[in-house]
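There are 2 protein chains.
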Amino acid sequence: MITGKNYIGNTLSAKGSKEYRTFNPQLNLENEKTYTEATEEEINEAVKLASNAYKVFSKISGQKKAAFLNAIADEILALDDVLVQMYCSETGLPEGRARGERGRTVGQLRSFADLVEEGSWVEATIDTALPERKPIPKPDLRKLLVPLGPVVVFGASNFPLAYSTAGGDTAAAFAAGCPVIVKSHPMHAGTGELVASAIIKAAKRTGMPNGVFSNLNSSGIEVGQQLVVHAGVKAVGFTGSIRGGRALYDLAAQREEPIPVFAEMGSINPVVILPEALKNRGESIAKTYAGSITLGTGQFCTNPGLLLGIKGEALTYFIEVLSNEILTIEPSCMLHPNIIGAYEANKQKAISQDGLTVLADYGSDVRTNYARQAITTVEGETFLKNTTLHQEVFGPFSMVVQCKDTKQLEAIISKLEGQLTGTLIADNGEAADNQNIVDALQNRVGRIIYNGVPTGVEVCPAMVHGGPYPSSTDSRFTAVGIHSIKRWVRPFSYQDWPNGLLPDELKNENPLGISRLVNNVQTIDKI
Amino acid sequence: MITGKNYIGNTLSAKGSKEYRTFNPQLNLENEKTYTEATEEEINEAVKLASNAYKVFSKISGQKKAAFLNAIADEILALDDVLVQMYCSETGLPEGRARGERGRTVGQLRSFADLVEEGSWVEATIDTALPERKPIPKPDLRKLLVPLGPVVVFGASNFPLAYSTAGGDTAAAFAAGCPVIVKSHPMHAGTGELVASAIIKAAKRTGMPNGVFSNLNSSGIEVGQQLVVHAGVKAVGFTGSIRGGRALYDLAAQREEPIPVFAEMGSINPVVILPEALKNRGESIAKTYAGSITLGTGQFCTNPGLLLGIKGEALTYFIEVLSNEILTIEPSCMLHPNIIGAYEANKQKAISQDGLTVLADYGSDVRTNYARQAITTVEGETFLKNTTLHQEVFGPFSMVVQCKDTKQLEAIISKLEGQLTGTLIADNGEAADNQNIVDALQNRVGRIIYNGVPTGVEVCPAMVHGGPYPSSTDSRFTAVGIHSIKRWVRPFSYQDWPNGLLPDELKNENPLGISRLVNNVQTIDKI
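Chains Z and B supply the protein sequences, listed in that same order. Heads up, the first sequence is in my numbering, so the first residue is 4 and it goes up one at a time. Heads up, the second sequence is in my numbering, so the first residue is 4 and it goes up one at a time.
It is possible that some hints are incorrect.
Copies of the same chain look alike in the list, so a pair counts if it fits in one copy or across any two.
Lysine-lysine pairs mimicking BS3-like chemistry, simulated, CA-CA at most 25 Å apart [to be verified]:
| no. | residue 1 | residue 2 |
| --- | --- | --- |
| 1 | LYS529 | LYS510 |
| 2 | LYS137 | LYS290 |
| 3 | LYS388 | LYS51 |
| 4 | LYS410 | LYS51 |
| 5 | LYS141 | LYS290 |
| 6 | LYS51 | LYS418 |
| 7 | LYS204 | LYS407 |
| 8 | LYS21 | LYS282 |
| 9 | LYS418 | LYS62 |
| 10 | LYS67 | LYS282 |
| 11 | LYS352 | LYS67 |
| 12 | LYS62 | LYS410 |
No lab work stands behind these hints, which were simulated from the structure alone.
Kindly produce the complete structure, drawing on both the sequences and the hints.
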């Protein structure tokens with residue numbers, strides 16, 4: 004049952020007067036339910052509850068946190084078709100995608116449950132005392148990772164489940180022991196409320212403190228801004244545009260007490276196609292990429308927006324196949340009129356640049372809110388000079404840059420802004436023979452792919468989803484995979500602390516049986 | 004042989020016209036040698052060389068980096084008495100301290116050498132492919148930590164060796180694979196040049212690329228500012244005042260591409276003395292703390308500037324002993340007339356606050372540049388209301404806060420800014436009985452000490468030197484110990500990359516024999 008209210012901790016609340024609705028882009032009309040934006044009073048209450056909850060939640064056992072995370076996963080699955088239908092009605096995405104993203108979300112929650120149940124993730128490090136050491140005795144020191152405090156998570160427009168209410172940021176923060184306040188994304192407030200209700204149910208069922216989670220409705224930027232500058236908030240997770248993420252980063256950096264903002268932002272995900280691969284299998288690469296560019300209507304942060312090749316016959320043929328192929332793909336619906344509005348505007352801005360040629364632009368005869376995919380091309384020299392062409396066009400759009408030689412290719416890569424991914428398409432010894440290009444690409448990205456496509460972000464420990472600015476605001480962390488928990492923790496050290504008062508992770512007996520670095524040796528042994 | 008010049012990579016250079024000298028506070032006169040401040044041209048050249056050096060240095064083996072780090076340690080030791088005498092002449096600190104700090108510096112370098120030679124620190128994480136997985140195959144993903152790029156390190160006034168030219172920040176950055184540009188501290192430019200010459204010798208001897216290290220002289224703030232805003236600089240390490248660190252943090256956050264600044268700044272290091280301990284051994288605690296407060300003329304960031312107790316007979320007696328004891332300690336020399344000037348000014352500012360009582364202030368009859376240690380006291384209520392009293396007085400100064408009860412004590416701790424350390428002095432069951440106080444203290448600090456003193460920062464893996472703002476700008480990292488290497492690295496992921504082209508750390512064969520997380524199991528096995 005959707006109420007349109009905020010969850011301020013366990014309490015449904017709608018004190019404000021600002022209301023809004025979500026939009027069904029497939030039907031091109033507003034959904035019926037109205038949502039009430041959170042007031043300043045409600046925001047303050049949510050932070051106060053989170054700060055209180057932190058005192059308890061930051062110290063509960065890994066086992067209890069795991070039970071909470073698994074219960075969230077169970078409650079999300081229990082929402083079943085209600086959730087799937089709500090998802091589809093607020094995004095225009097197909098049911099299969101909804102179910103797939105739900106699976107990913109549930110999988111993420113369970114992988115963090117496993118992580119904290121096992122417990123070694125706290126990086127327990129122990130250096131025992133040397134009381135006889137000269138000239139001064141060595142104290143006993145024991146370190147572990149502890150949660151930062153209340154975390155604010157911003158829902159992402161393009162992943163209502165996996166990167167929103169109970170998505171990766173929230174799952175990682177809960178696993179770390181941080182209460183979470185979600186700034187719900189206005190485009191999918193209903194999906195957000197449903198998932199929030201699942202989290203609240205799970206929190207109650209597993210005995211979590213009131214305030215461990217709140218869900219705040221918002222139609223504009225004010226709620227998010229108020230949260231980020233609130234003294235009780237200790238860290239921020241965001242997935243979205245460069246402009247949005249940077250604004251939050253700036254706000255957080257200007258606080259009296261600056262706080263970390265982990266924002267995962269835009270990316271054009273350069274794909275380098277080396278000559279031999281282009282010659283040997285240009286047609287098949289073109290077909291694969293037509294699919295990758297249009298996957299999910301291009302609404303992925305890993306969408307390949309930039310294809311780089313060396314000018315010549317093979318590239319000309321590749322472009323021809325890619326252009327033809329992409330026009331055979333049925334257009335699909337974007338998330339919201341605002342998203343397709345931005346897509347068309349950004350596409351036009353790119354197309355209007357000097358030297359850009361449009362190779363394919365799907366006819367105007369498409370349904371409302373359905374995106375017309377496009378392929379463009381430009382000379383390397385032109386691309387190098389005009390950084391407007393380096394900007395992301397969020398949607399099913401890509402640009403083929405025709406470089407005059409590998410030197411220019413390398414120069415272009417080096418001049419790119421930071422990216423989530425880079426891809427190398429190569430045959431035989433080409434990768435080894437072009438080490439400079441590979442090095443340049445590695446230096447600009449968080450993940451490098453060999454003979455594949457950047458779309459598809461596997462959730463696994465070895466994944467890096469993040470990268471040099473502006474693909475993220477802090478390249479020292481990943482947003483996906485179990486190690487993303489490190490965004491929300493800090494190391495904390497006990498000196499000469501009585502064994503009985505230490506957290507279990509650091510006790511001599513190692514009651515949790517976790518792996519620890521003891522006197523510089525990794526071990527599960529007792530002391 | 005001191006030249007007074009900058010090291011721009013391997014080249015001694017002095018293109019500027021701005022000259023300055025260091026000062027001998029014991030003799031109260033300027034040292035003879037003049038140093039030439041780096042020009043903008045020299046700064047740009049140093050960054051350019053560092054960026055080029057990064058291409059090579061970021062990929063050299065752990066063994067070679069270890070050889071470089073050990074060679075730096077050897078070359079520092081080879082400077083022998085020349086270095087010790089220079090150190091003393093620029094700081095007023097005794098020879099024993101110089102030798103002790105040199106030992107710490109050399110020890111840090113060697114511990115990072117051991118870390119990178121062994122190699123497991125890169126947190127290699129491998130998830131092998133599942134080509135048969137439905138609905139889509141799982142790719143092969145392999146992750147490791149890679150260096151960020153050129154790092155700027157600011158020398159600290161109070162640790163010319165251990166936190167300056169070849170100190171912890173530099174050692175950690177080199178270990179990570181980052182070239183380093185040091186902004187030399189103007190108070191010990193000679194010590195800085197000597198250590199820089201040792202690094203350059205070591206770099207040449209072990210075949211490191213030119214530009215892996217530069218040392219820039221500076222008398223004011225301009226050189227540092229220019230470095231922090233330079234597009235080629237990718238991270239900053241700083242140890243010093245809150246004002247200085249925050250200014251650099253702000254500059255870095257306002258860049259088009261923001262970069263991480265790890266600043267380790269001020270702290271008053273609260274010490275909580277619980278009633279029973281105070282009653283049982285107030286005299287001995289007072290004597291211990293008289294020593295800790297005056298150690299190194301109070302010029303440690305872990306100096307105990309705040310002692311908190313419950314008002315009553317035992318605290319009155321403690322205060323009496325502490326005040327008497329501290330006056331029996333011979334005053335000692337501060338680092339520089341500016342430092343003692345700031346000390347006296349900050350002490351006067353504190354003393355002039357309403358409600359503060361001076362219990363001990365060493366007589367005026369002391370040598371020039373020698374600090375008069377002082378003990379003051381204030382009621383809990385007064386302290387709680389006046390945050391001026393929460394500010395650090397850098398030097399041999401401490402304030403005893405007389406709380407009316409444990410509730411007020413807890414309120415005071417909760418209201419403190421972030422701190423490097425917190426100390427609990429307790430007897431028998433007192434710690435367990437005062438869990439609220441312990442929790443409040445833990446929440447404000449990076450390291451908590453039981454029945455000890457905060458001065459003395461052991462260099463070991465379990466140490467956390469850092470903490471909530473403003474003790475540091477990023478509590479997610481420590482500045483001391485091998486794990487401080489994590490400040491200068493980012494995770495990087497390879498997807499479906501050919502085995503032969505992977506870095507050794509990620510190859511199937513595990514040629515380095517390091518510990519890796521393979522399909523979620525930590526192992527040294529091959530794949």
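Against the structure, the hints come out as follows:
For a Cα distance limit of 25 Å, the shortest separation of LYS529 from LYS510 inside one copy, 8 Å, qualifies, whereas the shortest one across copies, 33 Å, does not. When the C-alpha separation of LYS137 and LYS290 is checked against a cutoff of 25 Å, the pair qualifies only between copies, where the shortest distance is 21 Å, while the shortest distance within a copy is 71 Å. Within a single copy, LYS388 and LYS51 get their C-alpha atoms only as close as 51 Å, which misses the 25 Å cut-off; across copies the closest is 22 Å, which meets it. For the homomeric pair LYS410 and LYS51, the shortest alpha-carbon distance between copies (20 Å) is at most 25 Å, but the shortest distance inside one copy (57 Å) is not.
Proximity of LYS141 and LYS290 under a CA criterion of 25 Å is satisfied inter-copy only: 21 Å between copies versus 65 Å inside one chain copy. Only between protomers do LYS51 and LYS418 lie at most 25 Å apart by alpha-carbon distance; the minimum there is 15 Å, versus 45 Å within a single protomer. Proximity of LYS204 to LYS407 under the C-alpha cut-off of 25 Å is found in neither arrangement, the shortest distances being 60 Å within a copy and 43 Å between copies. For a Cα distance limit of 25 Å, the shortest separation of LYS21 from LYS282 qualifies neither inside one copy, at 59 Å, nor across copies, at 60 Å.
Only between protomers do LYS418 and LYS62 lie at most 25 Å apart by alpha-carbon distance; the minimum there is 21 Å, versus 46 Å within a single protomer. For the homomeric pair LYS67 and LYS282, neither the shortest alpha-carbon distance inside one copy (57 Å) nor that between copies (40 Å) is at most 25 Å. In this assembly of identical chains, LYS352 and LYS67 lie within 25 Å of each other by CA distance neither inside one copy nor across copies; the values are 52 Å within and 50 Å between. In the homo-oligomer, the alpha carbons of LYS62 and LYS410 lie at most 25 Å apart only across protomers (21 Å), although the nearest pairing inside one protomer, at 55 Å, exceeds that limit.
Comparing the model with each numbered hint stated earlier shows that hints 7, 8, 10 and 11 do not hold.
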